[in-house]
Amino acid sequence: MANDQKNDESFPAKEDHKKDDAAAPAEVDHKDEFSASQPHPVENIVLVGRTGNGKSATGNSIVRSKVFKSKTKSSGVTMECHAVKAVTPEGPILNVIDTPGLFDLSVSAEFIGKEIVKCLTLADGGLHAVLLVLSVRTRISQEEEMVLSTLQVLFGSKIVDYLIVVFTGGGVLEDDGMTLEEYLGDNMPDFLKRVLILCGQRMILFDNKTKDDEKKTKQVHELLKLIDLVRKQNNNIPYTDEMYHMIKEENERHKKEQEELESKGHSEEQLAALMKELQIMNERNLKAMAEMMEKNMKIAMEAQEKLFEQREKAQELSYQQKLEMQEKLKQMEGRMRAEMEAQMLSRQQCSIL
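Numbering of the sequence shown is given in UniProt numbering, commencing with residue 1 and proceeding in unit increments.
No lab work stands behind these hints: they were computed from the structure. Among the clues, some could well be false.
To be verified - Dumping the calculated DSSO-like pairs for lysine-lysine here, alpha-carbon to alpha-carbon at most 30 Å: (1) Lys256 <-> Lys276; (2) Lys232 <-> Lys193; (3) Lys158 <-> Lys287; (4) Lys255 <-> Lys85; (5) Lys287 <-> Lys298; (6) Lys225 <-> Lys158; (7) Lys193 <-> Lys306.
Turn these sequences into a full structure, and let the hints steer you where they fit.
This is the structure we're talking about:
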């Protein structure tokens with residue numbers, strides 16, 4: 001993956017303050033040895049996880065600049081999708097996209113639907129890797145136990161082929177003299193075992209609080225190796241699903257109609273009015289797609305609630321009964337996933353204006 005660069009060279013960032021379109025990712029320039037004229041591929045990296053697990057801090061560690069910040073709302077801490085481009089010493093330009101807390105009960109399905117549409121818009125060309133951020137500092141939540149189903153609802157069933165699990169809190173384990181493997185040990189939650197098996201055991205430990213520049217650079221290099229592995233295992237083809245293509249087609253249609261209007265010699269007043277009509281149509285169509293995502297999220301949330309209810313009942317049973325109930329829960333989860341996929345497929349076959 002890497003060219004012959006100095007592997008221990010850090011790449012501190014400075015933010016470019018150019019005035020860009022609001023939907024376009026901000027750009028961060030990094031010091032490296034490449035010529036500005038030399039072309040490099042752009043790789044879209046999406047951060048997902050529960051609020052408080054260190055998504056934004058991980059994004060900042062990757063781009064080596066504090067550009068990702070949470071935005072607080074009266075309903076709790078949430079975050080809007082935010083993208084930042086950064087050049088690495090390895091060569092690829094990373095378009096790092098931070099997302100809302102997808103596994104937070106306080107975040108509504110409506111909000112998530114809108115933000116996922118925005119995320120897929122920012123990921124021009126498709127997703128090259130999805131970083132699932134978990135923390136060694138906090139206990140796994142019930143919402144995170146459904147992480148696999150939630151990710152598949154949001155991004156499609158094959159998203160696990162592009163998944164990397166990032167554990168934050170590396171400094172805590174280092175202080176305790178533990179490796180990540182020792183921390184996970186034999187008591188790893190079943191859902192995490194499944195996720196790691198499905199993603200080929202791609203995982204990494206991050207210390208976002210370290211002041212050691214060599215350590216900062218090394219952990220980013222290790223992550224870039226995993227991203228490169230994902231790329232090779234997927235034959236250099238970024239991940240896209242039906243929703244991504246629908247959003248792309250809509251945005252391309254909107255852009256083409258804008259260009260056609262501008263070429264027809266309308267007066268400024270006429271052009272402004274016609275452009276406004278196009279914008280309203282574009283927003284309406286994207287809203288319809290967001291509503292489709294919202295309905296899919298509600299299906300997943302209802303399935304989660306039923307599963308949690310059954311698990312609570314299982315806690316009151318005897319050991320043998322628990323074993324039997326666990327087997328039933330696994331079967332129930334499989335049926336729910338199949339039902340969700342069937343319902344989502346049915347909804348996606350409906351036409352979008």
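Within a Cα-Cα threshold of 30 Å, do Lys158 and Lys287 meet the stated pairing?
holds, 25 Å
Assess, step by step, whether the Cα of Lys255 is no farther than 30 Å from the Cα of Lys85, and give holds or violated.
holds, 23 Å
Regarding the pair Lys287 and Lys298, is the alpha-carbon distance no greater than 30 Å?
holds, 16 Å
Compare the distance between the alpha carbons of Lys232 and Lys193 with 30 Å, and conclude whether the hinted pair is satisfied.
Satisfied, since the Cα-Cα distance of roughly 23 Å is no more than 30 Å.
Does Lys276 lie within 30 Å of Lys256 when you go C-alpha to C-alpha?
holds, 15 Å
For a C-alpha distance cap of 30 Å, please report whether Lys225 and Lys158 respect it.
Since the Cα atoms of Lys225 and Lys158 sit roughly 21 Å apart, the hinted pair holds (cutoff 30 Å).
Satisfaction of hint between Lys306 and Lys193, Cα-Cα up to 30 Å
holds, 22 Å
Going down the numbered hints, you'll see the structure goes against none, and every one checks out.
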